[in-house]
Amino acid sequence: MLKKLTILIFCIQFNAEAQTSALAIGDSLFANGKYTKAIEQYQNHPNQNEVFDKIAKAYLAIGNFGKALENYKKSSDANPDNALIKFEYAKLLSRSKKYNEASDLFEELIYIDYRNPNYHYQKGVVLEKLKDSTALNRFLSTYDLDKTHQKAIFKIAKHHLIKRNHQISHRYIDKGLESYPENVELISLKAQNYYHQDYQNEAKLWFKKLLEIGEESEFIHEKLSILYAKNSDYEDAIFHRKKVLNYNPYDATSIYLIGTYYERLKDFEKAEEYISKSLKLQDVSLNAEYVQLGRVLNRQKKHKAAISAFQKAIKEDPSDTFTRFSIILTKEQFYADKEAVIKLYEDFITKYKDDKMAKFAEMHLKELKQKNFLNKD
Numbered sequence: 016m017l018k019k020l021t022i023l024i025f026c027i028q029f030n031a032e033a034q035t036s037a038l039a040i041g042d043s044l045f046a047n048g049k050y051t052k053a054i055e056q057y058q059n060h061p062n063q064n065e066v067f068d069k070i071a072k073a074y075l076a077i078g079n080f081g082k083a084l085e086n087y088k089k090s091s092d093a094n095p096d097n098a099l100i101k102f103e104y105a106k107l108l109s110r111s112k113k114y115n116e117a118s119d120l121f122e123e124l125i126y127i128d129y130r131n132p133n134y135h136y137q138k139g140v141v142l143e144k145l146k147d148s149t150a151l152n153r154f155l156s157t158y159d160l161d162k163t164h165q166k167a168i169f170k171i172a173k174h175h176l177i178k179r180n181h182q183i184s185h186r187y188i189d190k191g192l193e194s195y196p197e198n199v200e201l202i203s204l205k206a207q208n209y210y211h212q213d214y215q216n217e218a219k220l221w222f223k224k225l226l227e228i229g230e231e232s233e234f235i236h237e238k239l240s241i242l243y244a245k246n247s248d249y250e251d252a253i254f255h256r257k258k259v260l261n262y263n264p265y266d267a268t269s270i271y272l273i274g275t276y277y278e279r280l281k282d283f284e285k286a287e288e289y290i291s292k293s294l295k296l297q298d299v300s301l302n303a304e305y306v307q308l309g310r311v312l313n314r315q316k317k318h319k320a321a322i323s324a325f326q327k328a329i330k331e332d333p334s335d336t337f338t339r340f341s342i343i344l345t346k347e348q349f350y351a352d353k354e355a356v357i358k359l360y361e362d363f364i365t366k367y368k369d370d371k372m373a374k375f376a377e378m379h380l381k382e383l384k385q386k387n388f389l390n391k392d
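Take the sequence shown: its position 123, counting from 1, is numbered 138 in my numbering, and each next residue is one higher.
Where hints are given, some of them may not hold.
The list that follows gives simulated cross-link-like pairs (lysine-lysine, DSS-like), each with its CA atoms no further than 27 Å apart [as the list claims (entries may be wrong)]:
| hint | residue 1 | residue 2 |
| --- | --- | --- |
| 1 | K295 | K386 |
| 2 | K88 | K113 |
| 3 | K52 | K69 |
| 4 | K88 | K106 |
| 5 | K224 | K245 |
| 6 | K245 | K257 |
| 7 | K295 | K319 |
| 8 | K162 | K144 |
| 9 | K346 | K316 |
| 10 | K319 | K386 |
| 11 | K112 | K144 |
Keep in mind that the hints were calculated from the coordinates and are not lab data.
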């Protein structure tokens with residue numbers, strides 16, 4: 016009898032040690048990043064209910080979401096009162112775009128512990144994915160339970176920015192920045208609020224704050240360029256537009272704007288360079304851009320090149336009588352034969368007599384004839 020009891024105790028002890036050994040080896044392998052080998056060890060554990068969640072985490076670590084979900088479900092079914100397993104399972108469902116299933120699980124968790132802010136937040140994220148407008152209520156509940164919850168504050172503040180409720184958005188942003196002054200997402204929302212409120216100095220300050228903390232993006236430089244241009248600070252506007260080109264070197268709009276800023280600075284050679292480059296990149300109607308180029312060329316006394324640009328503008332928009340008139344004005348600048356220029360104006364007036372530009376042509380022609388008459392005398 017004593018011998019049998021000794022054997023039984025030995026077997027129980029051996030089994031317990033085997034379970035402990037499998038877990039310990041599996042945990043060690045997992046900690047060292049050997050996830051597949053860790054899975055093999057966990058699968059040797061005699062009580063699988065205890066290790067389904069560990070197997071799920073290992074599968075998740077190697078990117079096998081399907082197996083991870085399968086094992087999280089088994090673990091959740093085997094441990095229905097374990098909120099942590101249920102929470103991890105719900106988050107993975109959400110990550111795998113199984114939003115309805117995730118929503119149901121988060122609802123269960125909220126019922127279990129209503130005062131856990133993260134349950135409300137994750138439920139809100141899922142509802143947002145499902146295009147459910149009640150998502151905002153979950154984020155507000157999160158905030159009510161934790162006034163420092165940065166992610167919930169961002170969601171609420173962004174909602175009010177989109178709705179143009181700027182003061183409300185600012186209020187939540189300021190609250191979030193109290194506990195985390197360098198929150199990039201909230202600083203960005205602050206800058207965007209001021210931008211849409213047309214508070215140019217404040218918007219510049221907050222966009223520059225993003226740069227100061229090492230956050231750079233095409234969006235930030237684009238907005239700063241626009242703000243500087245509005246204030247006629249064209250050198251700074253050019254600087255930030257060129258930064259935009261670091262992200263998208265073939266952005267025809269940015270290249271064109273740089274050209275117009277150089278024109279404002281009276282650097283006509285640079286204006287010509289950038290506007291010309293922009294035109295080559297675009298395949299839409301370029302009437303306005305060619306007119307702009309023609310004007311820049313005229314300012315440099317490159318009248319023949321200006322006429323060529325104006326002719327291209329007319330090709331883009333044949334109804335553009337203003338540019339047709341501009342061609343004659345340009346020819347007037349360098350044609351020695353003023354009688355030929357007068358004939359061009361007369362032909363223009365005859366052809367476009369019902370157009371408003373004909374009246375300008377008539378007035379200018381009258382001045383030109385008087386000037387030509389005086390020069391003859």
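Consistency of the hints with the structure:
no., hint, result
1, K295 / K386, "40 Å, violated"
2, K88 / K113, "13 Å, holds"
3, K52 / K69, "12 Å, holds"
4, K88 / K106, "12 Å, holds"
5, K224 / K245, "20 Å, holds"
6, K245 / K257, "17 Å, holds"
7, K295 / K319, "19 Å, holds"
8, K162 / K144, "24 Å, holds"
9, K346 / K316, "11 Å, holds"
10, K319 / K386, "24 Å, holds"
11, K112 / K144, "9 Å, holds"
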